[in-house]
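K.L.:
If you read the protein sequences in the order shown, they are chains A and B.
Heads up, the first sequence is in my numbering, so the first residue is 1 and it goes up one at a time.
Heads up, the second sequence is in my numbering, so the first residue is 939 and it goes up one at a time.
Please note: incorrect hints may appear among the correct ones.
[Unchecked claim] Within a straight-line C-alpha distance of at most 25 Å, the following computed DSS-like cross-link-like pairs (lysine-lysine) qualify:
(1) A:K92 <-> B:K966
(2) B:K966 <-> A:K360
(3) A:K931 <-> A:K917
(4) A:K916 <-> A:K863
(5) A:K909 <-> A:K786
(6) B:K966 <-> B:K989
[Claimed, not checked] From chain A, some residues computed to sit far from chain B (all C-beta separations above 10 Å):
(7) Q176
(8) N199
(9) R350
(10) Y677
(11) R828
[Claimed, not checked] Here are the simulated distance ranges between beta carbons:
(12) A:R30 <-> B:S1018: 39 to 47 Å
(13) B:R985 <-> A:N152: 35 to 43 Å
(14) A:S365 <-> B:P1076: 21 to 29 Å
(15) B:N1028 <-> A:G195: 35 to 43 Å
(16) A:R636 <-> B:A1031: 28 to 36 Å
(17) B:N1017 <-> A:R35: 53 to 61 Å
Quick caveat, the hints were computed from the structure, so don't treat them as lab data.
By construction, the Cβ of each residue, glycine as well, lies at the ideal position given by its N, Cα and C atoms.
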Amino acid sequence: MIRRWLGLLLGLSLNIAVAQYPHTRTIDLRIGQQRPAITCIAQDIQGLIWAGSDLGLLRTDGDRVDLVLRAEQGRVNAIAAYKDGVIVAVEKGDLLWFHGSTCDTLFSDTTWLHSRISALVVGTNGVIYAATYGAGVSMLSMSGSERLWTGNGLPDDHVNDICLLPDGSVAVATDQGVAKCKAGKVIRVFGEAQGAPDNLILTVASAGDGRIWAGTDNAGAFLWDPALKKDTALAVIGAGNGHVRGILVRQGLLWAATATGGPVIYDVGNGSGSYSPGPDAAYGVHPVRDFLEGRNGSVWWCDGTEHLHRADPSILVVQDHEGLDLTHISALCSDHKGNIWFATPHGVFRHDASFLGSGKVYRASVPIDPRRPVVSMDVGRDGTLWAASFGNGLMALHPDGRMEHFDAEHGGIDPNVLSVKVRDDEVWASTLTGMVRVRNAKAERFASPGVGFMFMVLPMPDGTVLGATDGSGLVQWKDGQLKPISPAGPRTFYSVVRDSRGEVWAAGPGTGLCKLGDSLRIGADRPPFDGEIFTLTELGDHLLAFGSTGCAGYDPKTGYWVDLTKSLGLEGVVAELNAVCHDDSGALWLASSKGLLRLQPAQWYFDPRSEAVISNILVGNSEVDVAPAIFTAFDRNSITFRYTAPCYVDPSALRFEYRLAGLNDRTVITQEREVSYPALSPGSYTFEVRAFVGREPMGSTWTSVRIHVAPPWWRRPWVIIGAVLLSVALAIWGIRTRERHLLDFQRMEQEQVRFQLEALRSQVDPHFLFNSFNTLVDLIETDEKKAVEHVADLSTFFRNILQVRDSALIPLSEELGLLHTYFTLEQRRFGEAIQLELRVPEEAVDHQIVPLTLQLVVENAIKHNRASLEEPLLIRIATENDHLVVSNPARERLSPPPSTGFGLSSIRKRYAALSKKQVEITSAHGVFTVKIPLLNRT
Amino acid sequence: MKGIAGNFTIVLFALLLVGNAANGQDRKLLQLARSEVTFVSDAPLERITAKNTSCTGLVDTDAKTFAVRVPIREFEGFNSPLQREHFNENYMASRELPNATFAGRIIEDIDFLQNGSYVVRAKGALIVHGMEKERIIPCSIVVTEEGVRITSLFDIQLADHEVLIPRIVQQKIASIIQVKVDLLFKREPKR
Chain A
1 MIRRWLGLLL GLSLNIAVAQ YPHTRTIDLR IGQQRPAITC IAQDIQGLIW AGSDLGLLRT
61 DGDRVDLVLR AEQGRVNAIA AYKDGVIVAV EKGDLLWFHG STCDTLFSDT TWLHSRISAL
121 VVGTNGVIYA ATYGAGVSML SMSGSERLWT GNGLPDDHVN DICLLPDGSV AVATDQGVAK
181 CKAGKVIRVF GEAQGAPDNL ILTVASAGDG RIWAGTDNAG AFLWDPALKK DTALAVIGAG
241 NGHVRGILVR QGLLWAATAT GGPVIYDVGN GSGSYSPGPD AAYGVHPVRD FLEGRNGSVW
301 WCDGTEHLHR ADPSILVVQD HEGLDLTHIS ALCSDHKGNI WFATPHGVFR HDASFLGSGK
361 VYRASVPIDP RRPVVSMDVG RDGTLWAASF GNGLMALHPD GRMEHFDAEH GGIDPNVLSV
421 KVRDDEVWAS TLTGMVRVRN AKAERFASPG VGFMFMVLPM PDGTVLGATD GSGLVQWKDG
481 QLKPISPAGP RTFYSVVRDS RGEVWAAGPG TGLCKLGDSL RIGADRPPFD GEIFTLTELG
541 DHLLAFGSTG CAGYDPKTGY WVDLTKSLGL EGVVAELNAV CHDDSGALWL ASSKGLLRLQ
601 PAQWYFDPRS EAVISNILVG NSEVDVAPAI FTAFDRNSIT FRYTAPCYVD PSALRFEYRL
661 AGLNDRTVIT QEREVSYPAL SPGSYTFEVR AFVGREPMGS TWTSVRIHVA PPWWRRPWVI
721 IGAVLLSVAL AIWGIRTRER HLLDFQRMEQ EQVRFQLEAL RSQVDPHFLF NSFNTLVDLI
781 ETDEKKAVEH VADLSTFFRN ILQVRDSALI PLSEELGLLH TYFTLEQRRF GEAIQLELRV
841 PEEAVDHQIV PLTLQLVVEN AIKHNRASLE EPLLIRIATE NDHLVVSNPA RERLSPPPST
901 GFGLSSIRKR YAALSKKQVE ITSAHGVFTV KIPLLNRT
Chain B
939 MKGIAGNFTI VLFALLLVGN AANGQDRKLL QLARSEVTFV SDAPLERITA KNTSCTGLVD
999 TDAKTFAVRV PIREFEGFNS PLQREHFNEN YMASRELPNA TFAGRIIEDI DFLQNGSYVV
1059 RAKGALIVHG MEKERIIPCS IVVTEEGVRI TSLFDIQLAD HEVLIPRIVQ QKIASIIQVK
1119 VDLLFKREPK R
């Protein structure tokens, strides 16, 4: 009963019409002409968004959309971030892991074919929880898998959703209630039987403190605390709206996917209240299918179309409130009670700064004349509202309802007031003709001859007051005197502001941002956006400048001057002159043509950094896995890197800086997302890239990958060593061979010398000479004529020997001539006892022969054999197959003459040195044969 | 789309096989005996109604699962024969996609042996025009001696199932179609 009342009460609160929503941006994930219907989304560790759709698995960096897995390979049922990528459950029963440019099948189970995976969660210890519709929850890890099902206490095997709780346990949404499970055991179950408003739980989400939000089919969402002993639904929201299919809890806000278009946001931190979708088209008209907790506090959702929506809760847009148009606010201020005061052409209003449905708009009884608008307001410590009207003077509304009015008639001030500020018990205002101070209900004017038109007044803590003037720059009030304090530089300022460190900044038309005290002017004459600065204010440690076409942020610490127009969603938004204020929580409120904007301080507004991701690496034309180090061969040295950076606010402003260390240290700044190195010589390189938004890569971190191009095989160390060893071996072999040849040659020379010596010696053999002279003596006595012949022959013989002595080879004809002379000499001695049979064909006489060979062989034959007239020694010389054959019958002398054994062996050695053909010496069948090779004519 | 239709056939056959194998044993399988599926398109300029009595289906009372098949070409009624032809040929493409199916399970626990009436939710995949949509449809079930009677009234958004209506006839065909279902599943006669 109480539950119903509660539900009714909360359901009622929904009906208050507040068109307000966090700033939302829509990303279109079209692939060519195709529009995917996206049903689930996840963000990986690098910030890339992955989306499951009817076309397949998509991945985007905010600029490009890649179809990573086609639906034909398996429709995507669920998706979750896992390690450095995402895990994806596909319809055919596989759990795939995508990381970098690779895809691995982690698990495969046929039961998932019939009981599809409805949700995936990765536990803190790396366990993957796969919730299935029909087979409970599978807990998968590398060491094995466990199952949560009806068998161990789960209320139903049909699981719709699962979420991780802070203590490491999980909450499981089933068709029969919600269950809390830890370490494979069901700890507690909460269903209709235990008092839940509905059994059919469609979704669960962690409230962050151990409690569980559960979305039901027909009773909205309820909060359940498993730590409480008593089973009870603590809070029920959206009961009147029927089902809640998805929940995301973040920073005290609960985002619910209901049957209506776009998410409904409930403020569960501050109690009741909800944002309902405004008339912003970006918010979407289709029911939410899946939520995602993004970076920088953003919330993403998909709605079954090609759109992804990204909301930023730190930027709230309030367009109208209970029918009150908030797009024409001319002045804005906050009091110290958590209220925001704003003036429109229809009146001055007050509302609490949470701006949720619970608060009411209170209308202040300040007279309004549309022709004399309220242009500035401030509230004093005592609660008095001071309103400055351009034309109607200064008005004070005291908490007791009493009105005070200062203008030309009352107080004698210029009725055209441009700004008003309260400092303690003083009220300072700027007018067309100078500065005004109101103290103790009395107005005082301060003017200076050169100083007129004053846009803004700023009381300082040290008791002075600054004014931004038209034509006189900044002026200072001190001890009752107005003095210009910025003699040089721009003359006209709209705004003057003091930052958290006490420094004073001013801006005006065409001035850019100026700092008091030195001539520092940032951005020269223009802000980074195209237009004039109408309003300057501070937020956190930064300065914000709003203008006619956008917004820029300045960080005094780093000097970054960043265009924030797109990140804050202020495209086409025109700020009102100095209509800005801070509330007690530090948030900034701005009146603009888009409505009332609330900006909560967030570091990311001013952060130009972005994390670069190397998405693909191509070696040659083939893609390789993106790994910290890539190895490739010398002939596959054309390398292409594709890189990106997740940027969902303004991808076109993204810039990259890259370099290839190892090639050169030159960095390149580009907007391209690809670079090719066509021919890298062998070596080690490091490719580094970083991304940033704006003009300079300020503080972005490098993402790098190492590349090793291997040298060709012939330049590898072991090949070189082998080649060196081989050449050394070859050289040694060559030297040795040559040495041997030289030795051979030397030996041959020696042989030749010795042969010649021997030949000479043998020719001048005393025996030969003695025999010759004996023969000569006989002849002289008997035949004088023959004696003369003999002496002539002897002389010819010796002359011939001298002639051929130095030649290595001589023609056979010459040798035969020599032999003939010799034989004639010997025949004179032996007469018919020795005979020579010469059968050498004409064609053979041209062949070459070692000189004196024949002579030696024949001399040998005569020397060693018996010869007589009865048995003459017949020496045959013939040719046979390129050989000269000298044969004689072997008839050893009875008393052989002493022999050195040099003659024949010398012939043999000389021929061995000259030719492969051998001198053959045989003695068989009583015939002694010497075969002398005939060498070719040279 | 064919894959989805194939899946449905598998479910139906699986139910039939299990039913036949375990006939007369614990598992109770009820066949659809009498059916009446009516749809109403209530557009500003025209109201179209059509009725279908040729559905087939099964309920497994133990597993609380069910499968129903509605042959699109068997819808009768309409305001003219030409309208019926347009319905079949242009909008529903019933030559290629002859059946609409709904297969799933009954969420709530009910006793099919105890006479009485129950209000339950049927959760499952509704396939119309080849497009699958997960639906949770409230039904009322009346259990009698004769069998189980299931009646339900629900809406189908044409956009959900990619049934494209030309702009020129949008005043004559509603974008949300109301469907009324009255199914009687009979028990096997006791042996």
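K.L.:
It remains to establish, for every hint, whether it holds in the given structure.
P.N.:
Against the structure, the hints:
Between K92 (chain A) and K966 (chain B) the CA atoms are separated by roughly 30 Å; this puts the pair beyond 25 Å, and the hint is violated. Distance restraint check for K966 (chain B) and K360 (chain A): the Cα-Cα separation of roughly 60 Å exceeds the 25 Å cut-off, and the hinted pair is therefore not satisfied. Our distance criterion of 25 Å between C-alpha atoms is met by K931 (chain A) and K917 (chain A), whose separation comes to about 10 Å. With a CA separation close to 29 Å, the supplied pair K916 (chain A) and K863 (chain A) exceeds the 25 Å bound.
With a CA separation close to 39 Å, the supplied pair K909 (chain A) and K786 (chain A) exceeds the 25 Å bound. For the given pair, K966 (chain B) sits about 29 Å from K989 (chain B) by alpha-carbon distance, which is inconsistent with the 25 Å threshold. Distance check for Q176 (chain A) against chain B: the nearest CB is about 8 Å away, which does not clear 10 Å, and the non-interface claim fails. Once the 10 Å rule is applied to beta carbons, N199 (chain A) is inconsistent with being away from chain B; the minimum gap is 7 Å.
With a least beta-carbon separation of about 44 Å from chain B, R350 (chain A) lies farther than 10 Å from that chain, consistent with its non-interface assignment. No Cβ of chain B comes within 10 Å of the Cβ of Y677 (chain A); the nearest lies about 45 Å off, and the non-interface call holds. Every C-beta of chain B lies more than 10 Å from that of R828 (chain A), the closest at about 126 Å, which supports listing it as non-interface. For the pair R30 (chain A) and S1018 (chain B), the supplied restraint of 39 to 47 Å holds, since their beta-carbon distance comes to about 40 Å.
Taking the beta carbon of each, R985 (chain B) and N152 (chain A) are about 54 Å apart, not inside 35 to 43 Å as hinted. At about 53 Å, the beta-carbon gap between S365 (chain A) and P1076 (chain B) misses the expected band of 21 to 29 Å. Our hint of 35 to 43 Å for N1028 (chain B) and G195 (chain A) is violated, since their Cβ atoms are close to 51 Å apart. Distance hint check for R636 (chain A) and A1031 (chain B): the Cβ-Cβ separation is about 51 Å, which falls outside the suggested range of 28 to 36 Å.
Checked against the hint of 53 to 61 Å, the C-beta distance between N1017 (chain B) and R35 (chain A) comes to roughly 34 Å, which is inconsistent with it.
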